[in-house]
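There are 2 protein chains.
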Amino acid sequence: MIIVKLGGSVISDKKVEFSFREDVVRRIAREIAEFFPEKRFMIVHGGGSFGHPLAKKFRIREGLTDDSKRFGFSATHLAMLDLSGRIVRAFLDEGLPAFPVSTSSVFVTENGEVVHGDLTVVEMLLGLGFIPVLFGDVSVDVKKGIDILSGDQIIAYLARKLRPEKVIFLMDVGGIYAGKPGEASLVEKLRPGDIEGLIERLSGAAGIDVTGGIANKLRKAREIAEYSEVWFVNGLVPGRLAGAIRGDTTGTVVSKRP
Amino acid sequence: MIIVKLGGSVISDKKVEFSFREDVVRRIAREIAEFFPEKRFMIVHGGGSFGHPLAKKFRIREGLTDDSKRFGFSATHLAMLDLSGRIVRAFLDEGLPAFPVSTSSVFVTENGEVVHGDLTVVEMLLGLGFIPVLFGDVSVDVKKGIDILSGDQIIAYLARKLRPEKVIFLMDVGGIYAGKPGEASLVEKLRPGDIEGLIERLSGAAGIDVTGGIANKLRKAREIAEYSEVWFVNGLVPGRLAGAIRGDTTGTVVSKRP
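Chains as they are written, first to last, in the UniProt record's numbering: chain H, 1 to 258; chain C, 1 to 258.
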């Protein structure tokens, strides 16, 4: 089984609210269809320009600080259901039996990580030949009441529980760079043990924001690489996903094996 | 905590596909808002003209008999997410913090009944002051692969696990009748022990379809009445729901107590 992460910046233009790149998602579906059902897949997608602006507007990460927060919590989830529905429909149109599983219905968080999750339905769906589709979502939280559960944290949890053969992160850049994309060189192979050093070097490089996305992604990749191969490839370039599934393409591979 | 079932024939016109009675749902929300948050609520709604036509068209109840079934399974769930989203939005607009929980993400069925369900998220949502909204939905099934889980079966399961003080079924008729609605008299009070006899009498009466909805509803009411009071009232008549919450209205009450 292969987990494919559809990054928010791949499936939508983050600068335009509620923009959905249907053509990109359908092309991604077609690349998966080349290998399905011989290989099994799970999809996890990010919030893109659907979930992020609302989560920020309603300050969901602050927790359930007042009564009005509940309305923002619901509104953010409804936006994610909208995005997820569009992705599932694009997959169905390309002949793939995708089925959406509502992340917030299944997982409970603490400090942004999954502390409770019942994977019974997800595992049954996989066994029945479906492609389960999960997504970054709002979450009920044991400490803060409410929070956000990111797609990358879900993937780390799923990888630990389900042991996929491979996890492929689709991004809007070519992989992991040793500095600024476009200026620094692509890191083609990474050992899990080299990741903390890389994050430190990136923190030193001016202008690289390691507080958010990429440092978290790299640390999650280090966790996942304990049992699965991890790929970072450009999801906007046709063929890169298919290449990562086959195991020969331009991108970054994180692997314990030499 | 009170569970309110929004019958499919209350929230939509079953004769018109994808028709949604927003005015009715908003009025129902306003009746609940008279009592919230002093009383806690959960909503379960039926498929109405969203889920039913698709479930029938794709013959979901036959199970996973061939590959094409998976597409109908997904399409039926997407239609239910659409309906549920509209209900949640109507509740939010009336100031109620509703939050949708995807039934198919949480429950596994066998013979149309819940055999596995993780209520952690639902219970946490209730504790945090939300109104969880569940719905009749498609389900993964341990025997048939896929099936339908009706709102009434979910309610029986939730009532057994969560012991609400009351369960209120909103219908498009005034309650349970001793024969055809409009011809026979309304049964105002029912003991759980009288229910099988009533179903038998109704089966005898010409033209009463007891194979489907009403017999199932009455049998579920008998189960639920072991620990909760059960009301059947007309959800299309303003004030009946509020009356059932208070405990004084026209309708049918099923109760163990005299």
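These are calculated hints, taken from the structure and not from any lab test. These numbers were taken from a predicted model, which means no experiment stands behind them. Incorrect hints may appear among the rest.
Copies of one chain are not kept apart here, so a pair can be met inside one copy or by any two copies together.
As the list claims (entries may be wrong) - No more than 27 Å apart at the CA atoms, straight line, and that leaves these computed lysine-lysine pairs for DSSO-like:
hint, residue 1, residue 2
1, Lys39, Lys69
2, Lys69, Lys15
3, Lys39, Lys144
4, Lys69, Lys57
5, Lys189, Lys69
Hints versus structure:
no. : hint           : verdict
1   : Lys39 / Lys69  : between (42 Å within a copy, 20 Å between copies)
2   : Lys69 / Lys15  : within (25 Å within a copy, 38 Å between copies)
3   : Lys39 / Lys144 : between (39 Å within a copy, 23 Å between copies)
4   : Lys69 / Lys57  : within (10 Å within a copy, 40 Å between copies)
5   : Lys189 / Lys69 : neither (43 Å within a copy, 42 Å between copies)
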